[in-house]
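Protein chains: 2
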Amino acid sequence: MNYVHGHTPEESIRLVKQAKPLEKLFHEDLSFLPGQKVLEAGCGVGGQTLLLAQNWPDTEFVSIDIQESFIEQAKLRIQEANLKNVRFKHADIMALPFEKESFDHIYVCFVLEHLTDPLEALLNLKSVLKNGGSITIIEGDHDLFCCHPKYEDARRVVDCLTALQASHGGNALIGRQLYPLVKKAAFSRLSVTPKLMYVDASRPDLVEEFSKITFIGMIEEIKDQALAHNLIDLEEWQKGIDALYRSTEADGTLCYTYFKAHAFK
Amino acid sequence: MNYVHGHTPEESIRLVKQAKPLEKLFHEDLSFLPGQKVLEAGCGVGGQTLLLAQNWPDTEFVSIDIQESFIEQAKLRIQEANLKNVRFKHADIMALPFEKESFDHIYVCFVLEHLTDPLEALLNLKSVLKNGGSITIIEGDHDLFCCHPKYEDARRVVDCLTALQASHGGNALIGRQLYPLVKKAAFSRLSVTPKLMYVDASRPDLVEEFSKITFIGMIEEIKDQALAHNLIDLEEWQKGIDALYRSTEADGTLCYTYFKAHAFK
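As you go down the protein sequences, you meet chains X and F in turn. Under the numbering used here, read the first sequence as residues 924 to 1188, first letter to last. Under the numbering used here, read the second sequence as residues 924 to 1188, first letter to last.
Isolated chain X (complex conformation):
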């Protein structure tokens, strides 16, 4: 796992905050039955974990991450929210410490994009999924970012994140590739649904929570890495960030598309 996003306290707060504006988009067509056992693979600092555990209080979640410090933060969040239906485990998707066929559902959000071999990861996850169980995978696709009015400048800094992730062995354009990828892992009844987030000034809450915190925050966070990798110079970087903020003004718009795959074993 070659995680491109930072490990600073600020970034960790952003990662949790970003779960909120995406909740409706990602969870509106999810459903778990009471008593079901769900594996959240790659829980990070617990942004999605908190919402899953709150929305399905009678479902039992097992949340894993390869980064022990993330697990610690996620654990704290779940304790603070007084939730009792999550068990955390420090584990690697590439070497899962579970019995075969032990979960009813597997939830994977913003994880495959960071992996060198997402197909292998899916096959590993499949092995711990019960026959007849299902999997939900959510990933973004940075090529489907768009904004107004200064798109070209903004595109340049977004492309830095794509290049950076590629240099770490990841793939920030994986959203549109979920269909052939999940198909290749031989899941059945696969359906992929795009989840588009569009923001204009009529939704000041989304301008703040999505455009600024979730999206621009994610880009700003890689500034030092982008400059260190010579992906862009400081002047172009600043122009790009200014362009992103310009899209949060009264006549600006911003959109981004996630893809959600759902399939059965």
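These aren't lab readings, by the way, just hints derived from the structure by calculation. It cannot be assumed that every hint is accurate.
When chains are identical, the list treats them as one kind, so a pair holds in a single copy or across two.
[Unchecked claim] Straight-line Cα separation of at most 16 Å, EDC-like style, residue types lysine to aspartate or glutamate; simulated pairs:
1) Lys1107 / Asp1174
2) Lys943 / Glu1024
3) Lys1106 / Asp1174
4) Lys1049 / Glu1022
5) Lys1049 / Glu983
6) Lys1023 / Glu1003
7) Lys1106 / Glu1172
8) Lys1049 / Asp1015
9) Lys1023 / Glu1131
10) Lys943 / Asp1165
Following the hints, put chain F in place on chain X, whose structure we already have.
Quick look at chain F alone, frame taken from chain X:
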């Protein structure tokens, strides 16, 4: 009106066929009351006209276009379908031959993208709309096209259409700009909704109707113009078209985003 799409019989068939896979996407949140008078501004060869007139048989449509030959074809289609609720008129959006405040609703689909002054067009349309009446505007945004697996090659030919439209004074990236544009025309209660079309092999009907006929058909149609304007050479063109068709295979995906604006006078 600087119409970039061709005027051949094949293209006219394509323009009508493309209305069908888009019907659910565009019409699912439309509603007209019996007896209402709706202006369809820029009806072209009647692709949308046919669906509107069929879906709202008790609504009275007035469909105009600046191109007389388009009107003739649209008329024929409505006659063949035995529909009696459409009146056609050869007219220019920039000089509307109607009394002020004579329509309950105005429907504008794939029109503003072709105009040099879309704001002026909206103000003209607003003047023939009744107070309290509403307007629906649907436009695409070519930057929000995306495909798999050969995106870069495909992007090059799609960008030719964007450049061609710009050279004719149009704007193929107008989708994301609808919010500030309609706002500037001082309509009220404006809402813009993205309408994303995503196609993979699980929907062979959409592979055929949307990817091939609607989208790739639209691109293929501008081949001669793109080459004549030196926007691309023949080899790159063919590579791009091949890449587009590659996305219609079993492991391919394609997506495109339209924007729908709805507002009141």
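Within a copy, between copies, both or neither: where do Lys1106 and Asp1174 come within 16 Å Cα-Cα?
-> between (41 Å within a copy, 8 Å between copies)
Between the shortest in-copy and the shortest cross-copy C-alpha distance, which are at most 16 Å for Lys1023 and Glu1003: within, between, both, or neither?
-> Neither way: Lys1023 and Glu1003 sit 32 Å apart in one copy and 62 Å across, limit 16 Å.
Status of Glu1024 relative to Lys943 across identical chains (alpha carbons, at most 16 Å) = Classified as neither: same-chain Cα gap 31 Å, cross-chain 44 Å, threshold 16 Å.
Since the copies are identical, ignore which copy is meant and state whether Lys1049 and Glu983 lie within 16 Å (CA to CA) inside a copy, between copies, both or neither.
-> neither (18 Å within a copy, 56 Å between copies)
Lys1023 and Glu1131: within-copy, between-copy, both or neither at 16 Å Cα = For Lys1023 and Glu1131, neither the intra-copy (43 Å) nor the inter-copy (41 Å) Cα distance is at most 16 Å.
For Lys1049 vs Asp1015, is the C-alpha pair at or below 16 Å within one copy, between two copies, both, or neither?
-> within (14 Å within a copy, 60 Å between copies)
Copy assignment of Lys943 with Asp1165, given that the CA separation must stay at most 16 Å | neither (25 Å within a copy, 41 Å between copies)
Classify it for me, Lys1049 with Glu1022: is the Cα-Cα distance of at most 16 Å met within a copy, between copies, both or neither?
-> within (12 Å within a copy, 66 Å between copies)
Which holds for Lys1107 with Asp1174 at a C-alpha limit of 16 Å: within a copy, between copies, both or neither?
-> between (43 Å within a copy, 9 Å between copies)
How would you classify Lys1106 and Glu1172 at a CA-CA limit of 16 Å: within, between, both, or neither?
-> between (41 Å within a copy, 13 Å between copies)
Violated hints for the displayed structure, listed by number in ascending order: 2, 5, 6, 9, 10.
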